[in-house]
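Undergrad: Keeping the supplied structure of chain V fixed, place chain U upon it in accordance with the hints.
Chains V and U supply the protein sequences, listed in that same order.
Here the first sequence is numbered in the working numbering, starting from 1 and rising by one per residue.
Here the second sequence is numbered in the working numbering, starting from 1001 and rising by one per residue.
Keep in mind that a hint or two might mislead.
[What the hints assert, rightly or not] Computed spacing ranges between beta-carbons, pair by pair:
1. Ser1081(U) / Pro155(V): 49 to 57 Å
2. Glu1049(U) / Gln35(V): 41 to 49 Å
3. Pro155(V) / Ala1031(U): 28 to 36 Å
4. Ser1081(U) / Val15(V): 40 to 48 Å
Since the hints were made in silico from the structure, they are not lab data.
Predicted model, so just to flag it, every value in this text is computed and none were measured.
Where a beta carbon is used, it is the ideal one built from N, C-alpha and C, also for glycine.
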Amino acid sequence: MNLCFVTPRYGDDVVGGAERQAREYAERMAAAGNQVTVLTTCAKDHVSWANALPPGESVHNGVTVRRFPITQDRDMTARARVEGALSSGLRIPRSAQDEWVRSSGDSEPLLEAIAATSKTGAVLVFTPYLFATTVRGAAVSPERSIVIPCLHDEPYARFELIQETMRDVAGLIFNTDAEARLARDLLGELPPHRTVGFGFDPAPPTDAAVYRASRRLEGDLVTYVGRRERGKNFPLLLSYITAYDRLLSAQPPVMLLTLGSGSYEVPSVARHLMRDLGFVSTDEKFQAMSASVVLANLSLNESFSHVLAEAWLVETPVIVHAECPVTVEHCANSGGGLWVDSPEMFAATLDRLRVDSALRRRLGRCGRDYVTKQYSWPAVLARFTAAVDELAA
Amino acid sequence: MSSDVIDVGSIVAEIESDVARRRAAGDYPEALLRRLSIEFDPAAAEPPEVLATVGIPRPLMSARPVVGPLIVFVKRALRRSLAWYVQPIAEDQTRFNMALLRDVRRMERHLERLRTVWPPADDSLAARPAAQQVVRSRVDRLSHALGHTAGSAVLLAGTPAEVLDGIVGALPSVLFDRCDDPLDALDAAHPEAFGAVVLAGVLPRLSPRELLDAMPSAFRALRPGGALVLDAPSPSSGSSGPAVDLALRSPVPAQTATLLCEGAGFESLTLTEDGTTGWFTLSGRRPSL
Chain V
1 MNLCFVTPRY GDDVVGGAER QAREYAERMA AAGNQVTVLT TCAKDHVSWA
51 NALPPGESVH NGVTVRRFPI TQDRDMTARA RVEGALSSGL RIPRSAQDEW
101 VRSSGDSEPL LEAIAATSKT GAVLVFTPYL FATTVRGAAV SPERSIVIPC
151 LHDEPYARFE LIQETMRDVA GLIFNTDAEA RLARDLLGEL PPHRTVGFGF
201 DPAPPTDAAV YRASRRLEGD LVTYVGRRER GKNFPLLLSY ITAYDRLLSA
251 QPPVMLLTLG SGSYEVPSVA RHLMRDLGFV STDEKFQAMS ASVVLANLSL
301 NESFSHVLAE AWLVETPVIV HAECPVTVEH CANSGGGLWV DSPEMFAATL
351 DRLRVDSALR RRLGRCGRDY VTKQYSWPAV LARFTAAVDE LAA
Chain U
1001 MSSDVIDVGS IVAEIESDVA RRRAAGDYPE ALLRRLSIEF DPAAAEPPEV
1051 LATVGIPRPL MSARPVVGPL IVFVKRALRR SLAWYVQPIA EDQTRFNMAL
1101 LRDVRRMERH LERLRTVWPP ADDSLAARPA AQQVVRSRVD RLSHALGHTA
1151 GSAVLLAGTP AEVLDGIVGA LPSVLFDRCD DPLDALDAAH PEAFGAVVLA
1201 GVLPRLSPRE LLDAMPSAFR ALRPGGALVL DAPSPSSGSS GPAVDLALRS
1251 PVPAQTATLL CEGAGFESLT LTEDGTTGWF TLSGRRPSL
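Next comes chain V alone, as it looks inside the complex (with noise of 0.2 Å):
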């Protein structure tokens, strides 16, 4: 098989859960000696898409790795006026929404890459689908292009322009069956589609009290893992947790613990109910989260949730928002976590998982079952592989 994925940004550095999701695929496809090219941009962050890294070629990790120039400047005035205009519950016009999507990683010479690409014979593979070399690398040559959106519910996947790519392409892939459902409401009819998911290796050996003794962490924990954000929900979580410890517990404190980044400025209420260990390890991301009681993702932003299933693969239960299609779908499949929409929900669960352990490590169990069977590399690679014959066809 002869794939070229082509995502706005690619490397080991680089945070987010599609890009990681898109280095993943490709290098696992490649090992399976498939033929792999990837065509990204220079830039390493989504904010300022400044070229930081130089153009050329290379290879990683199996993977023809060829990166291009952005050569739209980010306009954020006209982000802005975008921006007031969809908070105005006003529609915005064509011509505005083209300038919103070039303004987030357009690259010219890597538009002429797709289409020389193209040529060869390769499937295009695109993710995410908000971003230019997505929305106007697909128009290349829609015939080969398959896009895996990673589709939120939010005001840009209501784009035309950015329906408009995902209908005319040759298929889609998505990261789960609510993803799905959500791109049906949106589209309407879909394009051929399957659901391949994300895939998972097995957890490296974890020893909870050993790690603790060295973080010198006390009590019990629950784990954050990602971005400290609006986006994420991390200032509901940290709300949640201030009214657990002040208001409806009346079990011994809990400490959030927080892996990840983030400039989301922790009030001074909250401060000594969190303690943030920044970016770690993969192994100690593991041993973290073993340490603890549960896993909360109370994010609305999901197309698939990695942290759940790295949480399960450890024995871990989680807590998710019941507003979020994607994670309850998740723990309703799994068994292996619980959904909450206020604070009282929250601390009530929290207690539940806290005083007992049985039900905890049932839904544990429950889920590092339902990782290890549907997410495990070998079967997502098949699902993709299948998927890719299937839509490229």
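TA: Quick look at chain U alone, frame taken from chain V:
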């Protein structure tokens, strides 16, 4: 999928039912919960660049029965009919706001270079048992390093309250001069005013520029033969205390602190590292005449 999958839906329903019962019984402090949530108001946490965008984010809604949908329809129609007039004004205001913000950010950067507001220590950490162990250890080590200064004036600069109280209690014969902002205190001190200067937990709170200035300032404030004593969490131990003190901006390794003291002219430097708490203590002397 495993045949032992738990019906989590029923567990959630059970918890929901319990919560509803407790809510109906008035078990939850609704007013306090609302007030607490304001602390985490996402709008307040948004950076000004987002708030500077002038829009109309308020959702259109009506709780009136029967006519509610009609009211929402009318409101939406009215909003759209006026958009031709309002939108250009909003865009002009947004451009102005963005220009203003750019200037404000530029001034912030200038101010940052001139002066840094001293972040207060987070005294709420003192309540936790592990924090108290760290405090005891720090007080012991700092007091030991100050043991020779009986009767001398000692400047305790930027020292967290619990550590300060411990040191003062351990050395009743020493004259202590306390201040909250160590940089201000050192700048304002008369030359050669103190027998010792204590900078407890200060170094990680300093910007790089301030770090370079702090040791020479301490040197100037010490009389010949006077002692500088400082402590800080050692970055290699992964320790920043049992909970996050967000005032600790950037960890300073012991080796860096030692080099800074040497560069400022201190001699007889002694470094001790506490493997249990992860803090190090460094002491040195201004050369005697």
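Undergrad: Given the range 41 to 49 Å, decide if the beta-carbon distance of Glu1049(U) to Gln35(V) lies inside it.
TA: holds (44 Å)
Undergrad: Is it true that the C-beta distance of Ser1081(U) to Val15(V) lies inside 40 to 48 Å, as the hint says?
TA: holds (44 Å)
Undergrad: Assuming the hint says 49 to 57 Å, is it satisfied by the Cβ distance from Ser1081(U) to Pro155(V) or not?
TA: At roughly 22 Å between Cβ atoms, Pro155(V) and Ser1081(U) fall outside 49 to 57 Å, so the hint is violated.
Undergrad: So does Pro155(V) sit 28 to 36 Å from Ala1031(U), Cβ to Cβ?
TA: Hint holds: Cβ distance 34 Å, inside 28 to 36 Å.
Comparing the model with each earlier hint shows a violation of hint 1 alone; every other hint is respected.
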